[in-house]
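Undergrad: Using the sequences plus the hints, can you model the full thing?
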Amino acid sequence: MARPLLEVDNLVMHYTTEKGDVSAIEDVSFTLHEGESLGLVGESGCGKTSIAMALLQLASENAVYKGGSILLEGTDLLTLSADQMRRRRWKDISMVFQGAMNAWNPVYRVGDQIREALDAHFRPRLSEAEAKGRISRLFELVGLNPDMEKRYPHEFSGGMRQRAIIAMALSCDPKIIIADEPTTALDVIVQDQILQELKKIQRDLGMSIIYISHDIAVIAEVTDTIGVMYAGKLVEFGSTKEVFARPKHPYAFLLLSSTPSVTGPRRKLAPLEGEPPDLLNPPSGCRFHPRCPWATEQCTTEEPPMTHLADNHKVACWNWEQVPEMGGLIK
Amino acid sequence: MNAPLVKVDQLTKLFPVSKGMFRKPTDFIHAVDGISFEIAPGESLGLVGESGCGKSTTGRMLVKLDETTSGQIFMADDKDDLIDVAHITPENMKKFRRKVQMIFQDPYESMNPRRTVFETIAEPLAVQNIGALHEREERVSDMLNLVGLAPPEAFLFRYPHELSGGQRQRVAIARALVLDPSFVVADEPTSMLDVSIRISIMDLMLNLANEFNVSYLYITHDLAVARYMCDRIAVMYLGKIVEIGDTEDILGNPLHPYTKALLSAVPVPDPSYSRIEPDIKGGITKSINPPPLCRFIERCPWANETCSSNDHPPLEDKAEGHYVACHLVEKSVANV
Amino acid sequence: MTDLAQQPPPDIDVEKLASQRSLWRIRGTLLWRSARRNWKLFRANGIGLFGLAIVAFWALMALAPAVFFATGYWDSGTFDPVTGLELDPPSEFRTIVQKVENPDTEISVQQVLLDGRISGNVGDVVEVKLQPAPPNAKHWLGTDPLGRDVMSQLMHGARAAFFLGILAAVVTVVVATLVGSIAAFFGGAMDAVFMRLADLLIMIPGLAILIAISAVFQFQLWHLALVIGLLSGFGGTAIVLKSQALAVKVKPFVDAARVAGGSNSHIIVQHVIPNVMPLSFLYMMFTVTGAIQSEATLSFLGLLNVKSSWGLMIQLANNQGYLLQGTTYWWLLFPAGMAVTLLAAAFFLIGRAMDEVVNPRLRRR
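Just so you know, the sequences run in chain order A, B and C. Read the first sequence against the working numbering and you will find it ends at 331, with the numbers running on by one and no gaps. Read the second sequence against the working numbering and you will find it ends at 1336, with the numbers running on by one and no gaps. Read the third sequence against the working numbering and you will find it ends at 2365, with the numbers running on by one and no gaps.
Everything labelled a hint here was simulated from the structure, so no lab data went into it. Worth double-checking, as some hints may not be accurate.
Heads up, simulated DSSO-like pairs for lysine-lysine below, C-alpha to C-alpha not over 27 Å straight-line [said to hold, decoys possible]: (1) Lys1079/B <-> Lys150/A; (2) Lys1260/B <-> Lys150/A; (3) Lys2249/C <-> Lys1095/B; (4) Lys1281/B <-> Lys199/A; (5) Lys1094/B <-> Lys2249/C; (6) Lys200/A <-> Lys1260/B; (7) Lys2040/C <-> Lys19/A; (8) Lys1099/B <-> Lys1079/B; (9) Lys200/A <-> Lys1095/B; (10) Lys268/A <-> Lys241/A; (11) Lys268/A <-> Lys1260/B; (12) Lys2249/C <-> Lys1099/B; (13) Lys199/A <-> Lys1260/B.
TA: What follows is the structure, encoded as structure tokens:
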């Protein structure tokens, strides 16, 4: 496998609020390799966006890192000053966010807004011609007509704006792109086009992408590796093919079993009972135990450690052996 | 097919594109453009399409939240006679409101933040003057039990902000069903819920539909959800229904090029499944004063002179109950 | 969107609540609960409490005269704010001189002539009754040039200020809520008429209108309250509340009520107005501030037919020429001026604090 690029080790992050500590990221570890595409999947509030914010060091002011490290090519991002981090953002690690397509400033041309990012990060500054050439190449890369850079954001459709956002994210040749729900607000056909575009760009440029989504179908589509998150914890991690074929964590299993699909036999799906927990006051032991059909006494008191199964497939569950084959529960 | 519960005939909604205060608008967005369909009692029809295709407007016209521009909506009365909803008497209007309800997309905005769960669910009863207060309370408690919010005492006097998204949507379902309607328009009721909650809400809606013999018009952009919820599916594109038929027929054997593209663009939760890339050009446009041609012509991979010299194709029965609006559908049938 | 309530305090058991049979009792309990929650939010904000303390202080001041008169601590002959007269003010002995060099011991010939009651020649020592008298044991804030108790006037002025402010605020809120809701809900011609009226009222300077009206009519305090209430209610406040009502009108819960068969009036009363109310209360506070200031201004200009008010106290001091005498006669100016400033500011501060309760976005997390 390729060289590890980003190593997250036992990361713990809490948000301090008036009502107490929200444990948003709890002891999360994973590795991202060069050229790999990693998916983080989970429900809203499971900590997947908090991880994105931690990686970019853009978490809100009430975020407290209680432990662990985020090593980007050997440098711990948690130890960097705000200024050092600012220089690394965009250049080493950049982002495409869900609402980003609505974040264009309406009074400036799209190309000028990208140029601003280039100016801020290239030392020495790019000449006018270099910048222009670069923006044209970026636009071509994301499937936009290079002439569009002279247009204003309102002249772009939603999909085009999101493409331009991707161009902006690519502008400083980042090693890693974090794509947080990059297509959630888009229609399926546009979503498909953007996902294919991202896949192609990744193949061509060899960068690493971290996809963050609640939509496991999207994750299945674009990632090599997947991490399933539940209530601030990484509960299962492994190659996408392996996890989708043989999910070992009850949550991953139930999530996959409760996802409708347009393919395969029409079937009754197994619902996931209950509601996600309140992270101000997370359940004891395994955080999934109140909703888990296989929970035992042990699960209510002891936190399950990460068990390493086959190559790189990890699961945090005491009773992973109990979890049936996919399709086993389904009527 | 039995006598229909709902019959829609050439339903049209034009929104004027405003051009200043005193000029009469000359440009119109053809949000819904002459669509016709029927829904049988107890049947659920999925209305599928991308944003802006007119699916929500259709739903809103069916519950009389939006006025129709032209066309007719018929609703079966107690004796299964179809009544034109546009010319309904005030007395029948009240009956209509009881029979037709709606479930909204956003569970956070569809409940008045200042009213308790009891007041929210009892509102239709109060408006319709049904029952004394204690009877209403009993009815609301029963509804809460039915939608899985038990014990009801724990929920009756909560405010919406004290409930989770899934619980709110259950309350919204209870409110829609409290009058015992026969037809419910559900506008993307699960799209804003967490994935793990969606199936339980969809199951709840299916079970209740069975129990109360309710028909749904289920509006969604998600074909997978439509497949789970609906007996039949109608695919809309720019105000027109381009294909309508039994769910498995549509998904297994899509005939319209748009349906094909839409279907192949849906991501599949299976990494080992390889899809065919959707065959479609360009992006969706707004239908302001569209020419009478086929709406899909600009994006269609097949379009030829037949399409550019004829009006928008009518819906034609191509296989048993599987209607398609395409001049070149034979080509599609031949491909299969 | 406004949302008064965020998290329920755990101390009320909803299940127990449901076992109470009377719906009104349940409503009462819920209301009490949300009141307590909002009070907690309000309390967290220092400036709101400060404002409330000032208002409470002036409220006590407004109530005090009734108690003082009833207990006989004050007799109405001396302490009535309008007709009272201190017959025996403190006095001092001063020498009559040509040119005053030490005002504590000397008095000029001219002053002796002006005050017809005393007479004498240069060099005589005369007894001077101090009117206006500085604060003393009997008159805590001294007396005014007419020998009336300043403290009593200040207390009665507080009463007038509260009466005026609250009446104006209530009128504003009732009018603005109705106008805003109706304009937002029905739109069209109704909206156009109300909004052009609002524009007109915002455009013309309010004080100028008040001066013009009061120059023509005998202006009572409640007239003023009504006029201020109507000006603000049909003017700026109506526009703010209309925009809030517009935001409520497009909420799906309004659609839901309509699908249930709810009439326009049902929707306005049950859904639109309750959701506009918090903002209305907020503007109520700002109206009080404006009303108190307008009253002071009009009284000062002598255009208000009011027996006793803070503006009138300042006006009297001005008429008698004490306004320009620096701080020598501070008790004629300072208490009334301070009162106007403090009470107006206090209501404004309460409004700002309420803003944080009403608009969760302004709240610190």
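Undergrad: Determine for every hint whether it applies to the structure shown.
TA: Each hint, compared with the structure:
| no. | hint | in the structure |
| --- | --- | --- |
| 1 | Lys1079/B <-> Lys150/A | violated (64 Å) |
| 2 | Lys1260/B <-> Lys150/A | violated (35 Å) |
| 3 | Lys2249/C <-> Lys1095/B | holds (25 Å) |
| 4 | Lys1281/B <-> Lys199/A | holds (20 Å) |
| 5 | Lys1094/B <-> Lys2249/C | holds (22 Å) |
| 6 | Lys200/A <-> Lys1260/B | holds (23 Å) |
| 7 | Lys2040/C <-> Lys19/A | holds (14 Å) |
| 8 | Lys1099/B <-> Lys1079/B | holds (13 Å) |
| 9 | Lys200/A <-> Lys1095/B | violated (57 Å) |
| 10 | Lys268/A <-> Lys241/A | holds (23 Å) |
| 11 | Lys268/A <-> Lys1260/B | holds (25 Å) |
| 12 | Lys2249/C <-> Lys1099/B | holds (24 Å) |
| 13 | Lys199/A <-> Lys1260/B | holds (22 Å) |
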